[in-house]
Amino acid sequence: MSQMSKIVRTLSNIAFPFIMIFGFYVIAHGHLTPGGGFQGGAVVASGCIMLLVAYGSTWVFEKIKVSRLSVFESLGALGFIGVAFFGLLFGGWFFNNFLVRNGILFNIVPKTGSTAAEFNTAGVLPLMNFAVGVKVIAGLFVIVLVMAYASSLKEWKQ
Amino acid sequence: MSLRTTVAVVMFSVLVVFFVSTALMLSFGDPMKTEMDDYIIMHTQNETGTNSGITTVVFDYRGFDTLGEATILFSAVSGVLMIFRRVKN
Chain A
763 MSQMSKIVRT LSNIAFPFIM IFGFYVIAHG HLTPGGGFQG GAVVASGCIM LLVAYGSTWV
823 FEKIKVSRLS VFESLGALGF IGVAFFGLLF GGWFFNNFLV RNGILFNIVP KTGSTAAEFN
883 TAGVLPLMNF AVGVKVIAGL FVIVLVMAYA SSLKEWKQ
Chain B
18 MSLRTTVAVV MFSVLVVFFV STALMLSFGD PMKTEMDDYI IMHTQNETGT NSGITTVVFD
78 YRGFDTLGEA TILFSAVSGV LMIFRRVKN
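Residue numbers (the numbering used here), protein chains in the order written: chain A, 763 to 920; chain B, 18 to 106.
Please keep in mind that the hints were generated in silico from the structure rather than gathered at the bench. Treat the hints with care, as some may be off.
[Claimed, not checked] Below, simulated EDC-like cross-link-like pairs (lysine to aspartate or glutamate); rule was C-alpha separation at most 20 Å, straight line:
#, chain 1, residue 1, chain 2, residue 2
1, A, K873, B, D54
2, A, K873, B, D55
3, A, K873, B, E64
[Stated by the list, open to error] Now the stretches of chain A that chain B is said to cover, found in silico as 3 or more residues with beta-carbon under 8 Å:
#, stretch
4, 783 to 797
5, 869 to 883
Since the structure is predicted, the reported quantities are computational estimates derived from the model, not experimental observations. Positions of the beta carbon are idealized from the N, C-alpha and C atoms, including for glycine.
Using the sequences and the hints given, assemble the complete structure.
This is the structure:
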């Protein structure tokens, strides 16, 4: 697929940082606000796909290696399962929230009821949000990238 | 009427009756059993230290469900990369 016009490329250049900031905000504040790893990862992957559509899949395919994105996807999955197994190691059962009261990070417990959002809470949930976010970004982007590039090849066209 | 039109009309009316009766059966915002909701709303801040109860349900109380979703995404990516494995950099 060839690249689109100069107007589309300039506008996607302008919109890209804001989409990135919003997506990473949704991932990082997944334990405080609506959203989380899946949703924020989908937002970030959509921003990358917007650049892919604007600049053409051939140009992006030469810049990014698919194997590297696949490694990121597997790292996200391993991080998610690894945090769950750390719960088994430190707390006694799978998916145990072992950081919530006696951890180094994310260890504050808010008062029951309506309280202000504190970022340093929620135990292992921010770590899991981050792992799932990395996984969803790499996974969705690599699916669309490979399919867009394969549809632009000549040997696939009948 | 042809057979095709008759089948379409019957299926459409069955769908309408199904959706209307379902909408009338349950009242909106007033569930019948609320023990689980009350437990999660009352205990989620004390037990998991999270202000957002939805994230607590997704990642802590129902963590295995999220593990299944992650497995689904992983298998989808593996399948797509395997189908398009002839596409090389």
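Is A/K873 close enough to B/E64, meaning Cα to Cα at most 20 Å? holds, 11 Å
Please work out if A/K873 and B/D55 have their alpha carbons no farther apart than 20 Å. Holds: A/K873 and B/D55 sit about 17 Å apart, inside 20 Å.
Under 8 Å between beta-carbons, do enough residues of the stretch 783 to 797 of chain A, three at least, approach chain B for the coverage claim to hold? holds (count 5)
Has the given pair, A/K873 with B/D54, been kept, meaning a C-alpha gap of at most 20 Å? Roughly 19 Å separates the two Cα atoms, so the pair holds.
Annotated coverage of the stretch 869 to 883 of chain A by chain B, confirmed only when three residues or more have a Cβ within 8 Å: With 11 residues closer than 8 Å to chain B, the stretch 869 to 883 of chain A meets the three-residue bar; holds.
Violation of the numbered hints given earlier is absent; every hint is satisfied by the structure.
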